[in-house]
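Sequential numbering from 1 applies to the sequence shown in the UniProt record's numbering.
The set of hints was computed from the structure by calculation and includes no laboratory data. Among these hints, one or two may not hold up.
In silico DMTMM-like links for lysine to aspartate or glutamate, alpha-carbon gap of 20 Å or less [said to hold, decoys possible]:
| no. | residue 1 | residue 2 |
| --- | --- | --- |
| 1 | 140 | 196 |
| 2 | 14 | 164 |
| 3 | 99 | 82 |
| 4 | 247 | 183 |
| 5 | 247 | 44 |
| 6 | 91 | 102 |
| 7 | 95 | 25 |
| 8 | 14 | 261 |
| 9 | 99 | 61 |
| 10 | 37 | 200 |
| 11 | 140 | 210 |
| 12 | 244 | 44 |
| 13 | 99 | 44 |
| 14 | 114 | 203 |
| 15 | 14 | 44 |
| 16 | 114 | 61 |
| 17 | 114 | 200 |
| 18 | 140 | 153 |
| 19 | 247 | 182 |
| 20 | 91 | 196 |
| 21 | 114 | 63 |
| 22 | 95 | 196 |
| 23 | 140 | 102 |
| 24 | 37 | 156 |
| 25 | 95 | 44 |
| 26 | 244 | 183 |
| 27 | 247 | 178 |
| 28 | 140 | 82 |
| 29 | 89 | 196 |
| 30 | 95 | 149 |
| 31 | 89 | 143 |
| 32 | 244 | 164 |
| 33 | 27 | 44 |
| 34 | 244 | 178 |
| 35 | 95 | 153 |
| 36 | 114 | 60 |
| 37 | 140 | 209 |
| 38 | 91 | 149 |
| 39 | 140 | 152 |
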Amino acid sequence: MSSNDINKRTAARKPVVLMSMGTQERKGHAYQVMTHKYITPLAELSGCVPLLAPSCCGIDDIDQYLSMVDGVYLTGAGSNIDPALYGQKNKTPSKGQDKARDLFDIPLIRAALKRGLPLFAVCRGMQEINVALGGTIHQKAYEVAGMNDHREDSTDPVAVQYGDSHTVRALPGSWFADLMGEEAFPINSLHGQAVDQLGEGIEALAHAEDGLIEAFHLPGMQQFTLAVQWHPEWQAAQNPHSVKIFKAFGDACRQRATQRDQ
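Could you put together the complete structure from these sequences and hints?
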């Protein structure tokens with residue numbers, strides 16, 4: 001194969017991004033699931049190929065998964081992280097958990113960071129990174145003094161639930177503020193839990209009006225790292241801030257893929 005053929009093949013290759021799936025029970029059967037709304041912007045805006053990894057099979061193959069990908073994307077989910085993983089008792093026993101995903105994603109995060117892979121996380125995924133690095137979670141953020149209620153109204157239509165809810169303010173002068181093109185912008189809000197104490201190496205990038213941490217990164221890591229508490233994947237193509245986030249992650253994964261192919 002000539003060098004021109006190799007260059008053409010490399011140029012045509014899209015970055016591959018790992019997405020861990022969650023557990024869901026349907027009519028007595030256990031399923032591994034991933035919502036379309038998370039996959040679509042990764043493919044269409046980031047320009048990446050999703051690789052869906054089942055979390056039900058344990059962690060033995062994590063290194064093999066990571067050897068095949070150029071980035072990791074941790075999505076939201078309807079379940080909460082097991083509080084035992086950050087040293088607390090469960091204050092929301094009526095809320096579903098997904099311990100298989102917890103036990104898969106926490107070592108996945110640590111291994112991905114060690115490999116230098118770009119890492120992007122949404123909602124539950126943001127909280128997973130914090131727990132993986134030794135941080136804690138507000139199990140009932142809506143009961144914390146001075147905090148607003150960031151939960152959606154489940155009786156509203158889905159479009160209303162995912163509509164703009166409040167404003168966040170990015171850290172002035174940060175790369176994230178530059179990426180967004182402005183320090184303050186509106187976001188949706190659909191979470192009862194939130195980051196409390198930040199894990200090792202994590203730095204906040206954006207806050208809600210009540211001080212809740214809405215975005216963070218790991219400035220000590222060379223690769224792209226970004227976690228957000230809101231849901232930029234919702235109708236992402238129609239939201240200029242979401243487009244910028246997904247394109248930035250895709251660019252980071254493309255850069256990683258180029259390095260891997262050299």
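Broken hints, by number: 2, 10, 13, 25, 33
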